[in-house]
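K.L.:
Please model the complete structure; the sequences and the hints are all you need to start from.
Spelled out, the chains give:
Number of protein chains: 2
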Amino acid sequence: MLEKIDLDKTLSKDEYRKAVGTLEERIGSLQRAVKERGVPVIVVFEGWDAAGKGTLINRLLLAMDPRGFSVHQTLPPKEEELYRPFLWRFWINVPEKGHIAVFDRSWYERVLVDRVDGAVTKKECDGVYGDINAFERQLSDGGYRIIKFFLHISKGEQKKRFRKLEKSKATAWRVTDEDWRHHRQYDDYYRAVEDTIVHTDTVWAPWTIVEATDRRFATVKVFTVVADALEKGISRHGGESAAEYVTGTVLPDQISSTVLDSVDLSKSLAREAYEEELDRYQKKVRKLEHLVYVKRLPVVIVFQGWDAAGKGGNIRRLVQKMDPRGYEVIPVGAPNDAELNRHYLWRFWVRFPKAGHIAIFDRSWYGRVLVERVEGLASEPLWRRAYREINEMELQFIRFGTVLLKFWLHISPEEQLRRFEAREADPRKRWKITEEDWRNREKRDAYERAVNDMLVKTSTPDAPWVIVEAESKLYARIKVLKTVTEALEKRL
Amino acid sequence: MLEKIDLDKTLSKDEYRKAVGTLEERIGSLQRAVKERGVPVIVVFEGWDAAGKGTLINRLLLAMDPRGFSVHQTLPPKEEELYRPFLWRFWINVPEKGHIAVFDRSWYERVLVDRVDGAVTKKECDGVYGDINAFERQLSDGGYRIIKFFLHISKGEQKKRFRKLEKSKATAWRVTDEDWRHHRQYDDYYRAVEDTIVHTDTVWAPWTIVEATDRRFATVKVFTVVADALEKGISRHGGESAAEYVTGTVLPDQISSTVLDSVDLSKSLAREAYEEELDRYQKKVRKLEHLVYVKRLPVVIVFQGWDAAGKGGNIRRLVQKMDPRGYEVIPVGAPNDAELNRHYLWRFWVRFPKAGHIAIFDRSWYGRVLVERVEGLASEPLWRRAYREINEMELQFIRFGTVLLKFWLHISPEEQLRRFEAREADPRKRWKITEEDWRNREKRDAYERAVNDMLVKTSTPDAPWVIVEAESKLYARIKVLKTVTEALEKRL
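Protein chains in written order, with our numbering: chain A, 1 to 492; chain B, 1001 to 1492.
Hints are computed from structural coordinates only; laboratory data are not their basis. Some clues are possibly wrong.
[As the list claims (entries may be wrong)] Derived BS3-like pairs (lysine-lysine); straight-line CA-CA distance at most 30 Å:
#, chain 1, residue 1, chain 2, residue 2
1, B, 1267, B, 1429
2, A, 78, B, 1429
3, A, 354, B, 1123
[What the hints assert, rightly or not] Taking beta-carbon pairs under 8 Å as the criterion, some of the chain B residues facing chain A (in silico):
#, residue
4, 1083
5, 1084
6, 1087
7, 1091
8, 1123
9, 1127
10, 1131
11, 1144
12, 1188
13, 1343
14, 1352
Glycine included, every Cβ here is placed at the ideal spot set by N, Cα and C.
P.N.:
This is the structure in structure tokens:
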């Protein structure tokens, strides 16, 4: 989830001013409506130390009528709280109807701080995730609106901020030894945060990851999500149950996640180096394939990418020297009748490889959040639900010990055009390009948005997306081969 | 769940014939409708060896058109299956639209057999429950209708059946050494079954426990639930999500669970013995109360029961010799404004005792599935959902180490009438009896049904209901005191 987030996003002062004024007004009047309709709202702020939670919360509250909200700071538990089940102190602070409760850190400390400190083991976390999901589902079923933010900054940025605070006498006291200890544990926390978000990003209480390097950007993003959530909360009718109530906001471009924008498409590789490496890696892969079989390792490799980005060519180079008994390439197109007649994940489960074998998916279960989303083949509730369904499925693959690799082959629209035209000009390749390809091309923006969302929401620690800079075919092929060999070597 | 089930339930041949003919016809025509509307259905049969799964499944299939269903027997996994995630072999067998897949044993073997055999630890089960719930939720969200049966017989009944099979040469081969090994592990399985049902009894895929001592009874119960589920499956519109789709059947009296019917209300205690035991137990309780404080044990005791069953009197005797600083009695009436303005469980969470203290609830969170259900104060989706919400909450109490005791004080309607009349005749007690009490009395049947459902659905291994035969006040008081002291002694 965090890995793909572009932390360099900023807003200019002008953009900020323009956006924030309107948002403040909107939030103010929505809060009044929330009060009138008696909707209880819970806003959770989690995030790195020094990510700016305090400032952001204050900023948010300024937009609101103080009689309508309360802020709850979650400090290390007091005796009072230690002597009760861990959710007790949050239960007692759930807001009444029409009120907004803001939690500055929350019940998630149990699977973040407590896990990193060893008070809760990784295995025990499964039970706690269950408790937390039950808690949030019960509240949502009871009419509560739940908004959860994780404020994300890099380790370097955190260090910079601590240093800056320490420099001034007025603020030096704010950086404690514990803060520095946490800073050194950044990577452990990172892993805990990733696991937590994967397990608790539900339809009824979704997470929003906020790029918090730039405070203006963070503020506008938080304000936008809050405003949208309040708006939806008001229009929600009472009888709706948790899973039915589809939340989630389509953010304006200005503040949406844009993983693809920061991909460096200038990467390339000379023909000579390519030939050499191709040979070397292909031989390696063949050796590893044998070990995969001996050690009974299940391997799943997924290829997604723009039309003409080179999925076919990449797969061909990957398997060229492999023993065909050890792998299977599974081309995924529009579902057939037998597939349409079952759950959409069925056809992928069926193709799960026997341990010791490698399944290579040419397109995959990600169709639901890409083509089906953009073309309107799946309704919004369906594709929104799919992120969690996909993560759950992949989690089960991972738990079984699967090596799961997911490649997104990225090319620019210009390069795509060149390849389309080249294909049309070449009689041997003309069949490869269809009317549909041209139509898809026109929807590049909508697809980019879907790809960005997918990369953020389904990149998990054990099943990360690997973005392949595919503008240079040679570079892309070697990157894929290298990634596969390294991932297998790590596990064999 | 299992503990409260009355396994002696039977149907006469006549009752059976009358019921089953109609049900067969209904199922036959519903199956056709299911096919027409393209509803996919999954029926799971779990249960003890020799509980009659095979016979019942055959019986059910006879009512159906063989082109519309398939049966999947879940044997110990083959190589093919061991080499894939454990849900794989069930995923590949999900039925297509309009078809019914019957699973003779299922994915639950993972948390039953595998747990008892030690292949999966108790802690790991949390993760597996999560996987199973995700699997069933995904299917339900995808339009699948899921029906789950657990066929229940006692350990003694199982032994009898094994013996009977062994006696005849024609059937002796059916009882294996492994069956006898499982038989000896009955109690371990029992615990695994209880835990499993608590964790996986969801709104979208609820369990039905079938009293399977009498085959006629079991058949009619299974047929009724299947028919109702198919009927609901047909009328379900496509867009509904899992949690919204409230399943659950109100069974006809003939085959509903009737825990209360088997309560022996003739139990009594002589005054002399009472005085002696009262004194003895009250002194014990006082000592234990001190230890509770020293050991920081959290204790929650819940009293529910018929009007005039003696809740007040029992609580008074329980606390009579206790140190008032160590306990709190919490009378629960209609919720006040502050409580109505929050989630219905909020007011109970707030009163959770500090570890080392004893909270005694005079009525409790069970109001939702009793008075609120019967009086129509909570809609059907609300009270149906509540069983799981309550189990989840109590599970969290238990995990925190709480001693949780729940008493149901039971009296006959005749005894209740006598007590009401005595109260009215006594000017000092007249205030205790209201119009409402008389009204409630007239709804005895509806309340009995609600109580029976509650006792079955919320009696869990760590939070069992204790039914107190309260026709004799003296007997009841000693039973309560004895139960409390024993439960505390066990933990101190």
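K.L.:
Enumerate the violated hints, using their earlier numbering and listing them in ascending order.
P.N.:
2, 12
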